[in-house]
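When you get a sec, could you build the whole thing from the sequences and use the hints?
Protein chains: 2
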Amino acid sequence: MIAVLVDGKPTHSVACTDRGLQYGDGLFETISCREGRPRWLPLHFERLRSGLARLRLPFGAFDALQAEIVSLAAQQPRCLVKVIVTRGAATRRGYAPAGDEQPTRIVSRHEWPATNACTAEFRVGLSEVRLGVNPMLAGLKHLNRLEQVLAQQACAETGLQEVLMLSATGQLISGSMSNVFFADDKGLVTPELRECGVAGVMRRVVLQSAAAAGIVVRVVPVELSVLSDAREAFITNVRLGVQSVGWLDGRAMPSDDYAQRLRRQIDAARS
Amino acid sequence: MIAVLVDGKPTHSVACTDRGLQYGDGLFETISCREGRPRWLPLHFERLRSGLARLRLPFGAFDALQAEIVSLAAQQPRCLVKVIVTRGAATRRGYAPAGDEQPTRIVSRHEWPATNACTAEFRVGLSEVRLGVNPMLAGLKHLNRLEQVLAQQACAETGLQEVLMLSATGQLISGSMSNVFFADDKGLVTPELRECGVAGVMRRVVLQSAAAAGIVVRVVPVELSVLSDAREAFITNVRLGVQSVGWLDGRAMPSDDYAQRLRRQIDAARS
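Sequence order for the protein chains is P and G.
My numbering runs 2 ahead of the 1-based position in the first sequence.
My numbering runs 2 ahead of the 1-based position in the second sequence.
Treat the hints with caution; some may be incorrect.
Because identical chains cannot be distinguished in the list, a pair is counted as satisfied if it fits within a single copy or across any two copies.
Keeping only pairs whose Cα atoms sit at most 30 Å apart, straight-line, the calculated BS3-like set for lysine-lysine is [to be verified]:
(1) Lys-84 / Lys-11
(2) Lys-84 / Lys-143
(3) Lys-143 / Lys-11
Think of the hints as simulated: they come from the structure by calculation, not from any bench.
In this text the structure is predicted, and so the values were computed from the model without any measurement.
The structure is reproduced here in structure tokens:
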């Protein structure tokens with residue numbers, strides 16, 4: 003059984019009136035932990051704070067939250083810690099928050115997944131599930147994730163490790179559980195996320211590391227044609243890090259140069 | 003405290019691993035109950051079954067669910083019963099369902115809201131929050147409701163009783179908690195819901211009642227210009243029934259003829 007703290011208490015249950023369950027009214031973070039410590043915690047907290055502000059969700063217990071993350075990560079060689087912050091139990095019916103809700107924080111520890119995709123060919127296809135366009139929610143790691151659930155439900159039947167998703171308007175946005183970067187003759191490119199998608203912490207680490215290494219990354223709208231034009235692709239999330247794509251939508255990728263450079267850069271920054 | 007049954011047991015708690023909380027992976031229904039009985043239950047169950055099939059969520063306990071709804075409604079002159087069905091507690095990490103989850107059903111009874119908007123002028127404006135376009139989720143009453151939460155959060159500060167929402171592509175779709183109908187010289191019109199929106203049970207009741215009364219309703223894409231062109235508007239949900247709009251986006255509405263006819267028709271069908 004996974005270890006869980008709900009508002010600091012060791013329990014596995016939450017109120018069924020919680021607005022996180024009723025409406026998906028909350029945010030989450032998935033944090034990679036190594037050698038007993040959470041990685042990139044300031045970046046996770048920065049995104050969380052930004053999301054809370056955009057949802058006008060008045061959560062302030064960051065000290066308690068940090069202590070709980072640290073305690074669950076302690077003495078674990080490698081694990082994932084997931085944080086959920088919701089607006090809390092509803093104090094009245096209906097979508098509108100009453101304003102007097104007490105936010106709920108849920109911190110859970112999960113085993114590091116046994117499969118290490120880095121050692122096998124990583125196959126990526128294109129999902130038929132599209133991402134709804136909503137600039138007010140774009141970038142947030144909120145709890146409304148049915149699009150990703152549907153995409154992965156279909157992906158699981160194909161033998162692919164990940165699927166890329168288009169927006170409703172046809173722009174390439176991200177993987178179902180990752181961000182994505184492509185290489186062409188001018189350098190690296192990754193989709194901008196003004197209309198939809200999640201602004202991943204590993205995406206940010208990669209953007210920072212690329213800048214430090216003098217690698218240009220264009221953050222721009224990306225068309226579907228990139229799938230046939232790119233000579234390299236990699237996906238990013240805190241679990242997989244910088245994951246080279248070996249096979250993309252029907253063809254083997256000829257290069258993984260940028261991914262190798264970025265992994266070295268990120269490892270060097272750590273030590 | 004509200005009365006709740008979770009999988010048939012009187013408890014207020016659910017597992018924090020429930021995919022309804024983790025991802026909004028589930029559906030809900032809000033059922034109007036009068037004189038001890040749920041109204042339009044076959045229509046609620048029909049929509050729920052359709053949503054379960056579209057999410058490939060293998061819930062089969064309809065007999066137990068019906069018995070629980072009936073038991074919570076019994077001996078209440080008037081109440082709301084809310085049903086949530088989720089995919090259940092996660093049996094592994096990640097968006098993809100493992101396939102062996104046991105769905106969770108949550109049935110809760112709520113007091114009938116004290117405010118009766120029908121007796122006051124019902125004021126409706128336009129929300130700045132738009133609805134993301136996703137045909138795969140359109141029509142479903144699923145648990146991903148942040149767009150409605152944001153819309154009502156803003157609406158609560160305006161003194162409006164409801165706000166209408168556009169799709170990301172600029173079509174008028176619905177209210178934040180209701181469907182909407184407009185009258186023009188050719189009869190009634192209500193937005194089609196192929197791209198987004200919730201196919202409300204009361205919307206369906208109105209469509210059936212209109213057909214029975216010989217009133218033509220066009221179910222078509224609706225442009226924003228309807229707000230200035232319509233001579234009557236009403237919103238529908240099972241709590242408010244057919245609610246005439248007295249004030250729409252800056253102007254008083256001159257008529258409520260269709261709403262009156264439809265209310266009479268629906269009441270007659272009941273007796």
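At most 30 Å between C-alpha atoms: does Lys-84 with Lys-11 qualify within a copy, between copies, both, or neither?
both (15 Å within a copy, 29 Å between copies)
First find the shortest C-alpha distance between Lys-143 and Lys-11 inside one copy, then the shortest across copies, and answer within, between, both or neither for a cut-off of 30 Å.
Result: close within a single copy only, 24 Å intra versus 33 Å inter.
For Lys-84 and Lys-143, with the copy left unspecified, which applies at a CA distance of at most 30 Å: within, between, both, or neither?
both (12 Å within a copy, 27 Å between copies)
In terms of the numbered hints stated before, the structure departs from none.
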